[in-house]
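Residue numbers (my numbering), protein chains in the order written: chain A, 56 to 318; chain B, 14 to 330.
Derived by calculation from the structure, the hints in this document are not laboratory data.
As the structure is a computational prediction, the values presented were derived from the model and not from experiment.
Even for Gly, the Cβ is constructed at its ideal location relative to N, Cα and C.
Check each hint, because a few of them may be wrong.
[To be verified] Partial selection, computed: residues in chain B whose CB lies under 7 Å from chain A:
{"id": "1", "residue": "Ser38"}
{"id": "2", "residue": "Gln210"}
{"id": "3", "residue": "Tyr308"}
{"id": "4", "residue": "Ile327"}
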Amino acid sequence: MTTETMTRARQRDYTASELLAVMAGRLLEDGQVVFAGVGIPLLAATLAQRLHGPGLTILFEGGTIGAFVEPGQLPPSTNEQRCTRRANMVLSSTDVLLLLQRGYVDIGFMGGAQIDQYGNLNSSFIGDPENPTTRLPGTGGGNDISSLTQMIVAMKHEKRRFVEKVDFITSPGFIRGGTSRRDAGLPAGGMYRVVTDLTVMGFDEQTKRMKVLALHPGVSLEEVRDNTGFPLLAADRIETTEPPSERELQVLRHLDPDKLYIA
Amino acid sequence: MSEAYLELRRRTAERDRSLREKVMSLEEAAALVKDGDKVGIGGSTLSRTPMAMIWALIRAGKKRLSCSRSIMSSEGELLFGSGASEHVLTSWFSQGIVWGVSKVMRLYTESKRARFEEWSHMAVGMRFKAGAMGVPFLPMRSMMGSGVLARLPDARQIDCPFTGEKLVLVPALNPDVALIHVQRCDAFGNAQMDGLQFMDIDLAMAANRVILTTERIVSNDQIRRAPDQTKIPFMAVDAVVEVPFGCAPHECYGVYEPFFKHLDMYAELIRKDPAKGIAHYLDRYVYGPKSWTEYLSLIGVEEMLDAARRGRRIHDD
Numbered sequence: 056m057t058t059e060t061m062t063r064a065r066q067r068d069y070t071a072s073e074l075l076a077v078m079a080g081r082l083l084e085d086g087q088v089v090f091a092g093v094g095i096p097l098l099a100a101t102l103a104q105r106l107h108g109p110g111l112t113i114l115f116e117g118g119t120i121g122a123f124v125e126p127g128q129l130p131p132s133t134n135e136q137r138c139t140r141r142a143n144m145v146l147s148s149t150d151v152l153l154l155l156q157r158g159y160v161d162i163g164f165m166g167g168a169q170i171d172q173y174g175n176l177n178s179s180f181i182g183d184p185e186n187p188t189t190r191l192p193g194t195g196g197g198n199d200i201s202s203l204t205q206m207i208v209a210m211k212h213e214k215r216r217f218v219e220k221v222d223f224i225t226s227p228g229f230i231r232g233g234t235s236r237r238d239a240g241l242p243a244g245g246m247y248r249v250v251t252d253l254t255v256m257g258f259d260e261q262t263k264r265m266k267v268l269a270l271h272p273g274v275s276l277e278e279v280r281d282n283t284g285f286p287l288l289a290a291d292r293i294e295t296t297e298p299p300s301e302r303e304l305q306v307l308r309h310l311d312p313d314k315l316y317i318a
Numbered sequence: 014m015s016e017a018y019l020e021l022r023r024r025t026a027e028r029d030r031s032l033r034e035k036v037m038s039l040e041e042a043a044a045l046v047k048d049g050d051k052v053g054i055g056g057s058t059l060s061r062t063p064m065a066m067i068w069a070l071i072r073a074g075k076k077r078l079s080c081s082r083s084i085m086s087s088e089g090e091l092l093f094g095s096g097a098s099e100h101v102l103t104s105w106f107s108q109g110i111v112w113g114v115s116k117v118m119r120l121y122t123e124s125k126r127a128r129f130e131e132w133s134h135m136a137v138g139m140r141f142k143a144g145a146m147g148v149p150f151l152p153m154r155s156m157m158g159s160g161v162l163a164r165l166p167d168a169r170q171i172d173c174p175f176t177g178e179k180l181v182l183v184p185a186l187n188p189d190v191a192l193i194h195v196q197r198c199d200a201f202g203n204a205q206m207d208g209l210q211f212m213d214i215d216l217a218m219a220a221n222r223v224i225l226t227t228e229r230i231v232s233n234d235q236i237r238r239a240p241d242q243t244k245i246p247f248m249a250v251d252a253v254v255e256v257p258f259g260c261a262p263h264e265c266y267g268v269y270e271p272f273f274k275h276l277d278m279y280a281e282l283i284r285k286d287p288a289k290g291i292a293h294y295l296d297r298y299v300y301g302p303k304s305w306t307e308y309l310s311l312i313g314v315e316e317m318l319d320a321a322r323r324g325r326r327i328h329d330d
């Protein structure tokens, strides 16, 4: 792609967060059971319900099965009454998390503060865990979700977030790659996709290292690599995603008119 | 060998489990909690937080409370900032993502003035569940391979005696006292809960004492007309306190939503200077008012009505 066409594609009428939410929502399929975290995942899953997945079942760690979050009424976490709107059932937090362990969940869907080349996520400590420069809020259900099901992670693509080695493994991806996840006692699940405002990535089957599968319109592989703190693999044929449609952006903005999640 | 288990049963046997009235004031209920107690807190994040009871414990000058909850929000910061607690066991601790990472939590944990012991969300739940079941542990399949497990000397990894698989055993958590807020209960403590239960039923049955606060006390006849709605039985309950808006500024399902303006104000106050901000907040909203009613007046009737209007919307469909 020439510089000129890249520039043209970048003159876009949506923000990075909106792009991320749209691209993340597209990865979900109608009929799936999705365990969603707060923020972009909740928003993207709700967007998918409205667009192509009316039969998408969303679970929240507060104990909800099958919610349809109301436009303009986004919850401040996945533990408030707004998360139960039009749900089929509410049960205890422990019991909804146990659905992951029992195998009822197709996709775990989360954001992340820091991720490494094997998809390990850190949301606990920046710096040395014994003496952190920043104490982050911690795992919540993140560790349970990533330990027990297939994961899609949605996050902003920044070098300080995509690091060679996370300061702390809060939620395990493929740990040290190869068979190390299974060897650690996690035979099920694992990282499936990482979606950012630049790219959609998967993981190499053998080494379990992160791999570029598709680029968003106007984004080059070099740009992705420049914003990543470790060597990225790339698929033989890299796809280009379709830009967000007017309809997608319209529904998304209707869901979050106060820009609670989409800054 | 079975000392701990027999002690747990002894403490239960010693409680008056008869069908008796146990309505009291916040202050009387606070006297049931001792310095150094393990305190289990019901609800999660901004939901059904037993705020009035926590408020009363801070006002009573309690110290060294070891507090556990599925997810901690601003109530954990009040417990740290007031010196009532130096140890919190939870899976996530911050006011809420829309306010960023909480500055008071950071101040206290990073300076090591207080400890935030992090377990996975399911692990916290399984610990309460084991406590409720009267068994010393439960097995589970998450946390392995993570830094979370590596930092927890109280959890054990084993090879399953049946299948040989790796499993994590998490120990029972039996708090000395559980604080739980519900929409309604009778004078005996038969508690009905609407909406999300979180871990409250297991927490109530695991604890050695339960203090219930409630939006309203209803008749025992009303309870008996719908016993399937009773989620915590009277015999597990030691105190009943009627506290309307007892979760404010957090939410109580179907009654009121979070008081967002007040929570924004709190976040802004501690963002500028966490130490001074929390001290100012405690002075004004916890130590200052003469009663819970006066505390609510400080928050203001406009905010209360707005939160209540939003809270009741859940019944609209």
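Results of checking the hints against the structure:
Interface hint at Ser38(B): violated, since its Cβ lies 29 Å from the closest Cβ of chain A, which is beyond the 7 Å cut-off. Contact between Gln210(B) and chain A, as hinted, is supported at the beta carbon level, the nearest pair being about 5 Å apart and thus within 7 Å. Proximity of Tyr308(B) to chain A is violated relative to the hint, the smallest CB-CB distance being about 22 Å (cut-off 7 Å). With a least beta-carbon distance of about 5 Å to chain A, the hint placing Ile327(B) at the interface is held under the 7 Å criterion.
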